[in-house]
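Heads up: the sequence lines are chains X and L, in that order. My numbering puts the first residue of the first sequence at 1, with every later residue one more than the last. My numbering puts the first residue of the second sequence at 1, with every later residue one more than the last.
Don't read these hints as lab results, they were simulated from the structure. Cβ coordinates follow ideal geometry from the N, Cα and C atoms, glycine included. Hints may contain errors.
Beyond 12 Å from chain X on every Cβ pair, some chain L residues (computed) [claimed, not checked]:
hint, residue
1, Q4
2, S24
3, P62
4, G68
5, I77
6, L111
7, G120
8, T148
9, M198
10, K200
Coverage of chain X stretches by chain L, computed from C-beta distances (three or more under 8 Å per stretch; other residues unrestricted) [stated by the list, open to error]:
hint, segment
11, 54–65
12, 83–91
13, 100–108
14, 160–173
15, 188–200
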Amino acid sequence: MQSYTFRIAKSKIISVILTLVTLVSTIPFLLVLYFIVKNGISVINWEFITHLPTPVGEPGGGILNALVGTVILIFIALILSVPFGVLVGIFLAEKSGSKISFFVRMMSEILQGVPSIVVGIIAYLWVVKPMGHFSALSGGVALGIMMLPVIIKSTEEILKLIPVEIKEASLALGVPYYKTILRVMLPAGLSGILSGILAGIARIAGETAPLLFTAFGNPFLNFNILKPISAMSLLIFNYAISPYEDWWAKAWGASCILVFFVLTLNVITRIISSRK
Amino acid sequence: MASQFIKKLELNKDKIFNLLLVSSAFSLLILGVGIFLSLLNASSLALKKFGFSFFSGSEWDPVSEEFGALPFIYGTILTSLISLLISLPFSLAIIIVLGEYFKKGIFAEILRYLTELIAGVPSVVLGFWGLFFLVPIMREIEIKLGVTPYGVGILTASIILAFMILPYSASIGKDAMRLVPNELKEAAFALGATRWEMIKKVMIPYARSGIIAGVILSLGRALGETMAVTMVIGNYHGIPENIFSPGNTIASIIANEFTEATGEVYLSSLMYLGLTLFLITTIVNLIGRLILKRLQH
């Protein structure tokens, strides 16, 4: 039997070592942030976010096409996935014990795990191939599919947290079932659903793989959802693997904007969900 | 009369609403099954031509239309397993530190954010960073070790993957550790255990299946991760000789060649790869979820 002091010392030393290892594991994140800010912040100015890219070698120019593209893609994804996802979420919360719910919940979990590149292939098969060309719409479909499980899950979970008495009170007052759900339950769960939507946007805003052969990219400003469109992530990818130093600098600037947008969304959703 | 009509309409609206709920639930099932069937249909040409020998062939030659997936399957499994090995010790440390030592307070919150937020950094940005920061470092190390200094390769991709999957296994495992009942912990202390002995002999065994589920789910992530891997793995079509060699994963070969694929067999073979990836990640994820479910009941 080891002595008591030895065992206590061992326990203390191990706790210090484990805490140090945990601190070490945060280094990559801090390094990434440092690198992006160091290389990106000097690139960002008014011209950078309000102008289109200039040809290689010409100074100036910006990433307006990619900013607009990402916003449009997120909107298409939201329109496609929010109503659908909220309805499925209501179904799962309301009929939570049924056999269908079991399969629907499992399918939502399967969808959550489908690699983004496979989602890209699906959007290619379902939208790009029948249309015959790349389009913003197909990119939005891919991102919508990626967002769907997040919205389903957050809707289901928040609705299950609402006390059943509220629902019963509404029904007892003679309010029809559909109105009880839409006018009583959904408003009560609004903050949870909104935080689910924000988490969904955070998940798709930086996605690149599903856009490679759907939205495809476009050096010009485009508002037509049936035409190819650029996105921040696509621009970063194309500029990063290019041989031009000027494009690398632009990619750092774009990374800086994208990372801070996504991280802010992440922090907001975490704060909302920790308040529950 | 009028009030009766309104009542009927309201009842019908309830029916319509119910129908809407049920049909959207079924649509989700159709969406999922549709993904599988579409992939199967799109890869039918390659399925017919190569069958299961697709997985044992190591030739990937678009010119002679000879396609085998072995190098990419090997690359996928190799990068995923190495990234798991790298992330595991860190994951365990975070699980213990955030699951027991620091559960509340500002320091715990900061630590949680710093360890988990890297999952929010877009894959393409991590790949970009890897290309300009990690690849030169790897090249230096490879020169010192006397192997061909590619910089890019299996190990470089695995290191970036490790950063990306660490938050998943750590946060699920930490949640499992926090579910350990206080009575059990106090019982261990009452028997004279030190804190470390209590963690080792009570908490970790109790939370074991949660920790394992987290590792399996992070494996599912690693298998399908695309952009960062594509950017730093080196895009080489053969079977990598060692962990410093360039290679390809299933996801990276699809990302690299999909838009360039000419010829139906070529495209169909890429779809076949996509189907394979879909099935592997789905099975791995379902196993992970199943373990988590059993834990919750």
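Original post:
Taking 8 Å as the C-beta cutoff, is the stated coverage of the segment 160–173 of chain X by chain L satisfied by three or more residues?
Top reply: It is violated, with 0 qualifying residues against the three required.
Original post:
Are all beta-carbon distances from L/G120 to chain X longer than 12 Å?
Top reply: For L/G120, whose nearest Cβ neighbour in chain X is about 4 Å away, the distance does not exceed 12 Å, so it is violated.
Subject >> Consistency of the no-contact label for L/Q4, given chain X and a CB cut of 12 Å >> reply: Nearest chain X Cβ is 15 Å from L/Q4, so the label holds.
Subject >> Given coverage of the segment 54–65 of chain X by chain L, checked by CB-CB distance under 8 Å (3 or more) >> reply: violated (count 0)
**OP:** Would you check chain L against the segment 83–91 of chain X, counting CB to CB pairs closer than 8 Å, and say if three or more residues qualify?
**Re:** With 5 residues closer than 8 Å to chain L, the segment 83–91 of chain X meets the three-residue bar; holds.
**OP:** Could you let me know if the closest chain X CB is still more than 12 Å away from the CB of L/I77?
**Re:** holds, 15 Å
Original post:
Minimum Cβ separation between L/S24 and chain X greater than 12 Å?
Top reply: violated, 4 Å
Subject >> Least C-beta distance between L/K200 and chain X, which was stated to exceed 12 Å >> reply: violated, 9 Å
Original post:
How does the coverage statement for the segment 188–200 of chain X fare against chain L, requiring three or more residues with Cβ below 8 Å from a Cβ of that chain?
Top reply: violated (count 0)
Subject >> Non-interface claim for L/M198 versus chain X (Cβ beyond 12 Å) >> reply: violated, 9 Å
Subject >> Exclusion check [L/G68 not at the chain X interface, CB over 12 Å] >> reply: Per Cβ check, L/G68 is outside 12 Å of chain X; nearest 20 Å; holds.
Original post:
Per the stated criterion, does the least C-beta distance between L/P62 and chain X lie above 12 Å, as a non-interface residue requires?
Top reply: Holds, since 17 Å exceeds 12 Å.
The structure fails to meet hints 2, 6, 7, 9, 10, 11, 14 and 15 from the earlier list, while all remaining hints are met.
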